[in-house]
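Chains as they are written, first to last, in the numbering used here: chain A, 2 to 237; chain B, 1178 to 1398.
None of these hints come from the bench; they were simulated from the model.
One or more hints might be untrue.
As the list claims (entries may be wrong) - Where chain A lies over chain B, by a calculated footprint (3+ residues, C-beta under 8 angstroms):
| # | stretch |
| --- | --- |
| 1 | 1260-1269 |
| 2 | 1281-1295 |
| 3 | 1359-1367 |
A quick note: this is a predicted structure, and the numbers were derived from the prediction, not measured.
Positions of the beta carbon are idealized from the N, C-alpha and C atoms, including for glycine.
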Amino acid sequence: MVANVLDISDFRTERLIFECKYPAAYRFWDTAGTIASELMEHWPGLQPINVMPGNIGFQMPKKFVFSVEVGRSSITFFLPDATTAVAEESDLFFRTITKHIQISLIERLGLRFQCFKELSDRRSSACLLLSTGLLKLPEERVFGAEGDPVAAEVLVTFEGKGLGGTFKLASQSRQLNVELPPEFPAPENMKFKMDGLLLDVDLFTTTPFSISMVGVKEWIEQALHVFKRDVSKFLR
Amino acid sequence: MSSKEMSPNFSVSRYTTGDKWVLPPYSELSSAPALSAASMHEAGHTVASQQLIADPSLGTGGLLIRAAMELVNPVPAVGESPLVDDLFSQLRGSTLSSALHLLNEALAHSQRAFDAIDSDPVSADDEMQQLQAILPELFCCRSIGDGFGALVNSIQYALVNREGFPLTKSQISLLLGAIRKLREAPFISFGDAVNLAMTFEDAELVIDPPALSHLADEPTE
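Construct the complete structure from the given sequences, taking the supplied hints into account.
What follows is the structure, given as C-alpha cells:
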C-alpha cells in the first residue's frame, strides 16, 4: 500500500463552519431579542459582537461565533478538537433559530472545513501540492520563467442529487503586520509570516428541501464522516 | 377604491369562480404565469390579505381581487426537492438509517394491506399484523424527534385499540399516509405530527393509550 503524499492528520483544522441558508425569514426582525436571550441561556458567557437590524452575532471567545441573519445562520468553530461537540452544538443552535423564525424550507446546509499545514516557504508549499498529482503542468518552460512554481491551487466541485462538495487545496502565504503607535517604546513593529497549504473543503446540500426532512445533528455527523473518508482520496 | 389607487406592489387579477381564484405572482410582469391561491399556499407563500373590489369596467359581476402577499419563506424556484435518502445517502449505522430501513418495511406492509383489502382481507390483516410487530422497534428510534415519536406512538395505539378487529380500507389508507409522511419527513415537528394523528379519529381510530381511556371512564364520585 502506497502512503499518501499528504494526510489529513498533517493539517490543523482552524475553522469549521456550519451554515444554513433559507428564504428570507422576516420574522427574524421580531424575534431577534428572543433568539439572543435563548442563545445566552444555552451558552452562558456568550458575548454579543454584532447587533444590527439584519444581523446579530455572538461569540464564545476563542471557541465559536454565531451569526443569525434574515436569510442565513452560521456557527463558526475555531480550532475544534476531538472534544468539540460540533454536531450537538450546531443542532441546538439551529433548533433555537428555526423555532423562532419559523422557516419551513432550507435552501442550503453546508459544513466547511478550513485546515492548514505550515511549511517553510511558498515554493515548498507549491511543490508539495504538485506532488499530489492533482495538477498536471507542462514539462517545458512556460511564461519565460525558470524554476519551480511558487504558488499552486486546485479547486474541484461535485454536485449530486442531494449532496455536493468542493475540495480546494492551495498554497498560501499569510502575513500579519502590527504597527504600534510611536509612543510605544518597545517592541519594534511586529511582523508574522506563515507559509503553507490550505485545505478548504465544503460539503453541502444541492437543492432546497423541507425542514422536516433533515436533522442537523445527523447531517453533520454524516458530513464529518464523509470528510474523513473522502478527502484523503485527493491527497494520494 | 379604483385600481389606480392600488400600490404597484399589489397584484391584481380578474375574479374567476368559486374558491379557485387566481393570483398573479408577486410581479407586475404580464408575461409571468398566473398561479392559483392554493398552489401559492402549497409553495409556501402566505396570502396576508385580500380584498374584493367592484370594477364597472369589467362588466356585470366583474370583480378585482387585491391581494397583498406576504412572502413568508417562499419556495425558491430551483430544481426538484430531494428525498431524505438523497440528503443522507452517506449515513450508515445511525438511528436515522435504522429508522428509514424500518419505515421502508412498514410502508411495504401497509401498502400491501391497502392493495389486498378488497380482494383478500385476510392477507391485508396479516400485513397489518406484521406492521404492528415493527412499530415497537420503530418507537426505539424516537430520539430522531418528538414528532417522530408521537406519530409512531399514535399509529401503535391506533392498532392496539382495535383490540384484534381488522382495519377498514379507510383506516389502512390513513395509516399508510402517516407512514409515508414519516418516511418522507422523519424530522416532522411535534405539532404537525399531532395534527396528522388527529386525523386518525376521522376514521374512528383511537390514538390514546388504553389506560388513559379507562381513567377517563372512571366515575368522578
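Exercise. Check each numbered hint against the structure and report the violated ones by number, ascending.
Key: 2
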